[in-house]
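If you read the protein sequences in the order shown, they are chains V and E.
Per the working numbering, residue 1 is the first one in the first sequence, and the count goes up by one each step.
Per the working numbering, residue 1 is the first one in the second sequence, and the count goes up by one each step.
Be aware that one or more of the hints could be misleading.
Stated by the list, open to error - Derived coverage of chain E by chain V (criterion: at least 3 residues anywhere in the stretch with Cβ under 8 Å from a Cβ of chain V; other residues may be distant): (1) 338-345; (2) 455-465.
Stated by the list, open to error - Okay, derived cross-link-like pairs now, EDC-like style, lysine to aspartate or glutamate, Cα gap no bigger than 20 Å in a straight line: (3) V/K143 to E/D465; (4) V/K247 to V/D205; (5) V/K189 to E/D468; (6) E/K485 to V/D27; (7) E/K485 to V/D205; (8) E/K483 to E/D499; (9) V/K2 to V/D69; (10) E/K464 to V/E165; (11) V/K247 to E/E342; (12) V/K189 to E/D465; (13) E/K483 to V/E165; (14) V/K189 to E/E342.
Keep in mind that the hints were calculated from the coordinates and are not lab data.
Everything numeric in this text was worked out from a predicted model, so none of it was measured.
Just so you know, even glycine gets a beta-carbon here, dropped at the ideal spot from N, CA and C.
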Amino acid sequence: MKYGYYPGCSAKSTAPELDATTLALIDFLHLDIKELKDWVCCGASSLHSVDKVLHTALSVMTLDAANADERDIMVQCPACLAHVLEAKEVLSEDSAMKSDVLEAVGKQVDAKMKIHHFSSILHDEYGLDKIREKVKNPLDSLKIASYYGCLIVRPPELMQYDDPENPMVMDNLLSACGAEPVQWPFKTKCCGAGTAISDTDVSLDLTYEILRMARNNGAECIAVLCPLCQNNLDLRQKKIEQRYGEKLNLPVLYYTQLLGLAFGLDPIMLQLNRLFVDPFPLLKSKGIL
Amino acid sequence: MARIGVFVCWCGSNIAETVDVSKVAEVSKSIPGVVYSVDYKYMCSDPGQELVKNAIKEHNLTGVVVASCSPRMHEKTFRKAASDAGLNPYMLEMANIREQCSWVHNDMDEGTQKSIDLVRMMVEKVKRNKPLEDISIPVTKKAMVIGGGVTGIQAALDIAAGGIPVVLVEKESSIGGKMSALDETFPTLDCSQCILTPKMVEVAQHPLVEIISYAEIEKLEGFIGNFKATIRKKARYVDVDACTGCGTCWQKCPVKVDSEFEQGLGKRKAIFIPFPQAIPSRPRIDAENCLKLTKDRCGICEKVCPTKAIHYDDKDEFIEVEVGAIVVATGYKIMPVSAFPEYGGGQYLDVVTSLQFERMVCASGPTLGDLKRPSDGKLPETVVFVKCVGSRDPEHHHSYCSKICCMYVAKQTMLYRHKVHHGNCYVFYIDVRSNGKNYEEFVRRAQEKEGAQYIRGRVSAIYKDGDDMVVEGADTLTNSQIKVKCDLVVLATAMEAPDGIKELAQKLGIGYDQHGFLTEAHPKLRPVETATAGIFLAGCALSPRDIPDSVSEGSGAAAKVMGLLSKDTLEKEGVVAIVNELTCVGCQNCIRVCPYNAIELKDICNRQGEVQRQVANVNPGLCTGCGTCTPSCPSRSIELLGFRDTELYAEINALAEL
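The shape of chain V in the complex, shown without the other chains (with noise of 0.2 Å):
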């Protein structure tokens, strides 16, 4: 296991509490990634519709980047992920669409680099045996529901992630601390973030759906890997609350953030104090604080 961590744009701007539990754990399991020296912002979700060679141009130099490190690449924003991906899969044919971007980049660059997400690598590789034997702090009895977003797995062809109606990565790490995994049918339906700022009450109506799906379902708090599901669902909760007249109070939280604290990580390294939603009743609550 040789990676370059690939952080994005949100983790080193909105979502610094990601960045922060992934460089802890990276820490704390002794793994062999280090954040890529020469990575540059994918576009995010603008670029693609504006300029498609520009765009593709951007992830190939953080391909190249990866190369010049010698790494692979552990990608932690599944936008970031779907796009270095695209990019790997343009470099791998012969197209116009490949000439023109490595003309944009000014260079030839290889993509035999394996790309895959944080949470592939932790349930994959590193494995699920060794995750339970790090567990110092068990998160018992805690019910979760693990919101997996619409982005890291579709398209499944290209992501590659798990089973794109049900995936289970997030459970069985979560279930590996000593969690309780809440089944519910809305892990990977879409949180209308893309249309948070031009069409707001879509996004609000879709997001509201999600959190009383998984209250119904019995889940405390939920767990998420896309920061700008966390940003959907935890930052505008209050506001869904009150247009709907519902409590519903339930803290989001990175996964990276909950293995932390079952690895017995200091809650507030883990940065939990940034959330919106308090966490802290809930997890004294259940005696993991």
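Go by the hints and put chain E onto chain V.
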């Protein structure tokens, strides 16, 4: 010395307009070996044929060339005439100066010259032709039907009605197939059991039908008219002759498992008959769940059996039957809910297949027709039916239409509304395909009189929200997304080729398509035949079909079987491949390319009976004379009679004027 006659046909103006037929006849006289030539307006007419017959006798002809239409058209006619005049029919050849000349050319000079060339080629060939004899094959006057569903039952009954004995082989322990599990049937709503059971009884009691249940085909050898099938009678652990079907054993058996017949909605015992009307009404032991056979405990059935019919040491038994023809009516299976993760993948008890719904409403079903949803027994007030689940979905599942779902969904909405008068039922559909007799009227009745609400669009997701099932989909007529809360969802899942069908097809030497459905010889003109002579197809083994079509095909296949077995011997054209055993090296190229499995290796032994070498050997019963083998032979040791190298080279040389 060859004495060849050339007969040039005008075909009215069909040939004569573009070919100077008199000139062709005239020039033909100068071809060496031709002793007689004539042209005539319609050579195929009675006077035309008389002309040929008389000339054969008068001029003592040894060969005949008829320059007229395609051999496909009239070769048989003229060969019959030649035969009547005492000439071996294979000493007559056709020069096709119509389809391959007059119809495709405009210029009279060129057309005439080409016709002369074609005649010269055939004259050179026929000079080298050798008389051939038709092959006569004895026939076993007995048929085998594989599959005891309604299609196979119909085929067996019709064959037996023609006086021909039938062996009906069924994989399950009872005949009856899928139809025995249905409630009422479209478009007349008559009870499935009520119309099927009499047929089951009839076939069971027919003196010419032997039912071999809980059995599968192990091996098939032989060829048309002369098949030898090895049938594996699977271990039943019950002596069907001693057993009286009293039922004591299955009443006392302590093991309860999900019933396949009830589609998992009800239970059966480890010793069981699948349903009360089963034929034969003899149980079998399910070896995977029987306590005696798995753990050597219990043994109750043996103790209570009044006729000592239980034998725990029963083994598979192999029997051989010789038959002249075979009907394959192996039916279908339907996709399970678990194949559709977007619809819950089987985790929701209240998402059922249409076959499960049949059992839920059927008076003989696990709830005796009292409609209860599986999860909590509640009466479903709202039901959503989803069509084309797995069908017409080439991206994920099957590209084909399962054909019967439109009709049975309309029927099921009616069955539902007849049970729950105030209930709501919604049908998600792509199209409504109701092209059968009284079918469209039936669907209209469901929509207009029986209250089924049809929504055009596909369903994207099905999930559980509290006690309700939620169906999310698109309404493509109003262009809106919709959610329907309901108590029960019925998926009209695709019909698929049954398990093991490819292995069976390989054993029988018949073709199947990419979906596993068996392939007919011609989709329009030979719909119940296979490419292997003597093996016929019927029903859903070919592709999804409804009951009327399946039954018609069962009868159709039976008619083919009776046509075949009505004669004592089969006459076959003498045009078959033949091997020169002196030069054949046994490389097996011909065996590999033969589409009909008509070639095998044969041992060549010395006088002491020791095998010296192996050579190819053609079974003339199976050979269709297709000629695929001849170009595959590196040593030119296999030839097609009637198209031997010497004959074909003579034709080509004649054209090249060598």
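### Query
Hey, E/K485 versus V/D205, does the alpha-carbon distance stay inside 20 Å?
18 Å, holds
### Query
Straight-line Cα separation of V/K189 and E/D468 no greater than 20 Å?
18 Å, holds
### Restraint check for E/K483 with E/D499, where alpha carbons must lie at most 20 Å apart
36 Å, violated
### Task
Take a quick look at whether E/K464 and V/E165 sit within 20 Å of each other, Cα to Cα.
It holds: about 14 Å lies between the C-alpha atoms, which stays within 20 Å.
### Query
CA of E/K483 to CA of V/E165, is that 20 Å or under?
19 Å, holds
### Message
Given the hinted pair V/K247 and V/D205, is their Cα-Cα distance within 20 Å?
### Response
15 Å, holds
### Message
Check the hint pairing V/K143 with E/D465 against an upper bound of 20 Å on the C-alpha distance.
### Response
Distance of about 18 Å is within 20 Å: holds.
### Message
Run the distance test for E/K485 versus V/D27: straight-line Cα separation, threshold 20 Å.
### Response
48 Å, violated
### Task
Check, residue by residue, whether the stretch 338-345 of chain E contains three or more positions whose beta-carbon lies closer than 8 Å to a beta-carbon of chain V, and give the verdict.
Our answer is that it holds, as 4 residues pass the Cβ test (under 8 Å) against chain V, meeting three.
### Query
Do the alpha carbons of V/K2 and V/D69 lie within 20 Å of each other, as the hint requires?
10 Å, holds
### Query
Does the structure keep V/K189 and E/D465 at a Cα separation of 20 Å or less?
Judged against 20 Å, a Cα distance of about 14 Å means the pair holds.
### Pair hint outcome, V/K247 versus E/E342 [Cα-Cα no greater than 20 Å]
Given pair V/K247, E/E342 is violated - Cα atoms ~30 Å apart, limit 20 Å.
When the structure is compared with the earlier hints, violations turn up for hints 6, 8 and 11 and for no others.
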